[in-house]
Amino acid sequence: MQYSEIVMEHFKNPHNIGTMENPDGVGQVGNPVCGDMMKIMIKVKDDKIDDIKFETFGCGAAIAVSSMVTDMAKGKTIEEAMHITNKSVADQLGGLPKNKMHCSNLGADALHKAIQDYLDRKEGRVRRRPDEELEHISSHDKHCYCPYCDYDQPEQVAHCVRCGKPTVEHDHD
Amino acid sequence: METIYFDHISGTTIHPEVKKTMINYINEHYGNPVSQHQLGDAASAALEAARQQVARLINAQPGEIVFTSGGTESVNHAIKGVAMATHDKGKHIITSNIEHQSVSKSLRMLMRMGYRVTSLSVDKYGVVNPKDVERAITKETVLVTIMHANNEIGTLEPIAEIGKITREKGVIFHTDAIASVGVIPFDVDEMGADLVSMAANQFYGPSGVGALYIRPKTRILPIIEGGMQENGQRAGSENMVGIIGMGKAAELAKSEMPERIKHLSQLRQAWIERLTTIEAIDINGHPTNCLPHLVSFSVNFVEGESMILMLDEKGICASTRSACASGSLRASHVLIATGCDYAAAQGTLIFSFGITNTMEELDKAIAVLKDSVVFLRNMSPLYKKRAAS
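So the sequences go chain by chain: F and L. If you use this note's numbering, the first sequence corresponds to residues 1 to 173, in order. If you use this note's numbering, the second sequence corresponds to residues 174 to 562, in order.
Simulated from the structure, these hints should not be mistaken for lab results. Any given hint might turn out to be false.
To be verified - Using 25 Å as the maximum straight-line C-alpha spacing, the simulated BS3-like pairs for lysine-lysine come out as follows: (1) F/K43 with L/K557; (2) L/K543 with F/K12; (3) L/K543 with F/K43.
Predicted model, so just to flag it, every value in this text is computed and none were measured.
Based on the sequences and whatever the hints tell you, model everything.
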């Protein structure tokens with residue numbers, strides 16, 4: 001496996017695993033078809049991320065990214081946390097194999113989604129149903145990232161819309 | 174840390190006697206079998222002896238065996254070689270949805286050249302219905318290519334029945350028997366196949382060497398052109414050391430097969446029993462009509478690569494076909510073809526046992542697997558969701 005030592009360390013001993021009571025914001029991205037699913041929950045106090053937890057279904061890189069992105073966001077202001085990027089997460093992990101870059105995208109996306117959810121709630125957008133957070137998120141379920149250039153694909157497409165490499169295998173197309 | 178190897182489907186270990194034979198050969202021989210001098214004669218004799226050993230393994234004649242660089246080349250040769258030789262007859266090929274990429278990608282290339290390919294679906298165990306093959310054959314059909322044993326789920330296909338049909342219809346029949354030849358009995362006449370692909374690294378021989386069985390009078394052209402090696406079917410100086418190893422491995426596979434199958438079946442059964450102690454695990458493939466040494470199982474709510482990493486940390490080597498591990502972001506086409514859902518396919522592991530594996534190794538592995546599954550399910554949103562409902 002071509003993972004860095006930092007990735008393996010975070011994979012073996014991930015930080016901030018779990019769930020929380022009454023989170024202030026929840027962000028969930030990915031789906032099992034793409035291979036990864038990530039859910040980040042935040043508690044916000046004085047405009048700072050006071051507590052953060054994640055749940056992830058995914059490969060070693062996805063788990064390491066979840067651990068790293070939650071570490072990076074913890075204690076940060078909302079503003080600062082919104083500036084955490086896919087690239088900064090991957091860099092902090094000592095890099096990721098090319099075909100795993102999409103995992104770092106999921107990490108920052110899930111975090112930003114959780115913050116967005118927090119902001120939505122703060123502005124008084126009342127959730128109609130207790131499970132609406134999942135509805136809100138499911139619009140992103142179709143997203144897959146190119147394993148070669150980690151471009152966010154608009155839909156499930158056979159070939160990356162940017163680099164043209166196959167994102168999925170079609171054996172008899 | 175002790176290594177426990179449960180990935181024999183990716184390539185077996187090399188049998189000590191095979192190793193010895195190969196080393197002896199390197200030490201004593203260097204001639205090219207086509208040379209007209211004594212060193213060439215010695216190499217030629219060794220080559221033909223190996224050919225005989227491989228032929229015996231599948232009840233064929235030595236002249237029907239063409240050595241190749243491995244299973245993938247054998248498959249490419251069979252499919253493209255037949256297409257080139259028969260393009261005047263028709264451009265229709267029949268295959269299944271669960272073939273190895275060496276088959277499906279060779280066919281995809283032919284499709285770009287105007288070939289029509291009928292890909293048959295399989296049942297929930299991954300079995301092709303021979304009647305579907307019969308129905309799919311048209312006047313245009315030049316080749317049927319269906320694998321013998323599936324390399325991901327271990328299911329055996331009804332090759333003998335399909336062979337009967339293709340013979341009656343006069344269509345060439347290739348079977349990718351890479352996962353089965355040398356593991357379980359394979360008789361080319363019983364199977365009725367005209368072309369059979371095989372690889373040495375599935376039966377304790379080296380990687381990088383395989384063979385293609387070609388039934389006499391089968392219309393096929395070589396895909397590698399040059400000298401007249403391999404009866405004109407495969408040009409290029411032979412990989413002598415590899416071939417010598419494959420020959421010895423074939424001889425051992427034939428003589429040791431009954432006891433190997435017994436041992437491997439016991440391991441397989443014991444592993445399945447151990448797996449039942451973990452909740453929400455599905456065993457894939459046909460329960461009885463299958464390879465004796467392979468278990469494909471889906472651990473629900475977790476992803477395969479992360480389990481492989483955790484097992485690897487403890488020295489246990491196995492395989493997964495999860496999308497994440499594939500680099501193509503797509504779950505195994507074989508599992509999807511059998512109706513397995515995407516999430517379960519992502520959590521699929523393949524354990525394939527070998528003759529040196531022991532029950533103690535299974536005990537160690539199941540303990541590590543259990544810990545890994547608990548650890549990963551504990552952080553899985555899918556598992557939490559299921560627990561909540």
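> Which numbered hints turn out to be false for this structure?
Replying inline: As far as the earlier hints go, only 3 is violated by this structure.
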